[in-house]
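Based on the sequences and whatever the hints tell you, model everything.
In the UniProt record's numbering, the protein residues as written are 1 to 550.
Some hints here could point you the wrong way.
With a straight-line Cα cutoff of 25 Å, these simulated PhoX-like cross-link-like pairs (lysine-lysine) come out [as the list claims (entries may be wrong)]:
#1 K402 <-> K420
#2 K547 <-> K402
#3 K348 <-> K313
#4 K509 <-> K465
#5 K172 <-> K202
Bear in mind the hints are in silico, worked out from the structure with no lab data behind them.
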Amino acid sequence: MIIENVVVKDYKILKDLNLHVNPETNILVGDNGSGKSTIMSAINLALLGRIGGVDFEHTLSVDDFNAEVRSHYRQIDKTLSHKLPEIVIEVYFKDEDSLAKYKGTNNSLTADCPGIRLTVNFNGEFEDEYRGRLVENKGNQSAISDIPIEYYRIQRHYFSGAPVLQQSNPFKTYFVDGTNSNYSRFVGRYVQSNVMSLLQPKDKVHLRSAYEAMKDGLRKDPSLNDIDMSGMNGLANVPQQVTLDVKQSLPDEWLQSITLNVDGIPYSSAGLGVQRTVQMALLVGANADKPGILLFEEPENNLSYSNMNKLVKLIEDNDDRQKFIATHSSFVANKLGLANLIVCSEGKARQLTKVRSDDLKYFQKLPGYHTLRVILSERPVLVEGPTDEMIFDKAYFARFHKMPIENGVDVVVVDSLAFKRYLDVAKLVDKHVMVITDNDGDLKKFKKRYSDYLSDERFEFYHEKDWNLATIEPSFIAANKGNIGLSNLWRLCRPRSPFPENFTENNQKELEHYMTENKSEWAWRVFNSGDTFAFPEYIMRAVDACKIQQ
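Printed below as a string of structure tokens:
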């Protein structure tokens, strides 16, 4: 059972989506409100007919329609001929012999394959009533102003044309929602059902007897029986005798008192990360032998680094089932493979299928890299290390009195060896990227290293033009020579030595040596200082370029 295509029309942010998906793993990424969760919801809705465990017909609202379509309907003259909006969700499956009875061409692509089509549209049986209301309410404030969903129907059919009966529907999904913390009932049901399946009849009788004996002991306890109820407010005028007792048990009531302990700690008292790990393991494991599609919504929530590793392994171990994962985590995306990415933006989605194999392996081995920040950022700026980041941030703040991220500029620290790998990924999503880097004192090597990128209009490189200033430390010193910034820098880096009246070459070497040996430290001191500094020309060009792009 493998989904090949998903078509969605006018469902929430998805106005017209035709998405071809991967047969094994699909990683949906994007900003909040980009449509990644809506794609997951659409798949789940078409295959199960439910949202959050509730039948769609009980949750349908005008908010489920695309905002643009809804706005158009509200503005048109409804007394004239018009078409009412409808929602269409189609899930196309790979053609398999076992799914032959669900195969047909009853879909918008007229593809001859198995699948399910869900429609939310106007029920023609109410045509006269709808038209009558339009005439009666013409010019009236109570006229129909929004999509009249009270006249709508929800239908699901296989591509063969046969209606879907959920009880016998072979197309299943198993939804793991990392944003939902209320899985306690599921965990309880899982424990109870498995306890019952593991017990022999005589064991069940024994445990029920033990539970009844415990309750009977409580019932006979003098501490309970000696409580005088006659003096309690509201009971003084009751003529009958009022006492306390313990409720009678239903046959399997003892199961309600059974819970999971995780390392000796009750599940309900465990940390959110531990609870999330248990929940996902149970949700996936409990259905391991059942065919169906696995949907993971932000599974990384509340998970530590080590638990995210376990999560990735859990997903990878289900290699015989198709998976859809909506995530904000670069770690999850890198580990599961950037070639499986589907980038969502404003209701549109596209696959990242052409990732070079060596780049793919690189990020899988080093999953901590912030690939999604580069892919999703409005204006990514790549820098070599924390030193460059802090100096760029300081220069940006000095110019605009705001931090870069406040204006949508995302400064991403990458290892200098990884610049090209990030740029290769950026190419695939047509991303404009700024690169701030050292020139390393060698023009030929610099041009050779970035020969495939320097002529690409999507990429802007900013580096020191003086090839004698190989790194940011001598560049920063040179920028501050002849002004108060040099004495401020000396005071921050050499607080025990007074600033020399005649700044000699040896003084410069001493300062540069300290800065080179303490890269992050000197940059941190400059960043947190209220003193005045000048900044290298290439840094300021990059800062000003950010303003131009805004």
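*Of all the hints given earlier, name the ones this structure violates by number, lowest first.*
1, 3, 5
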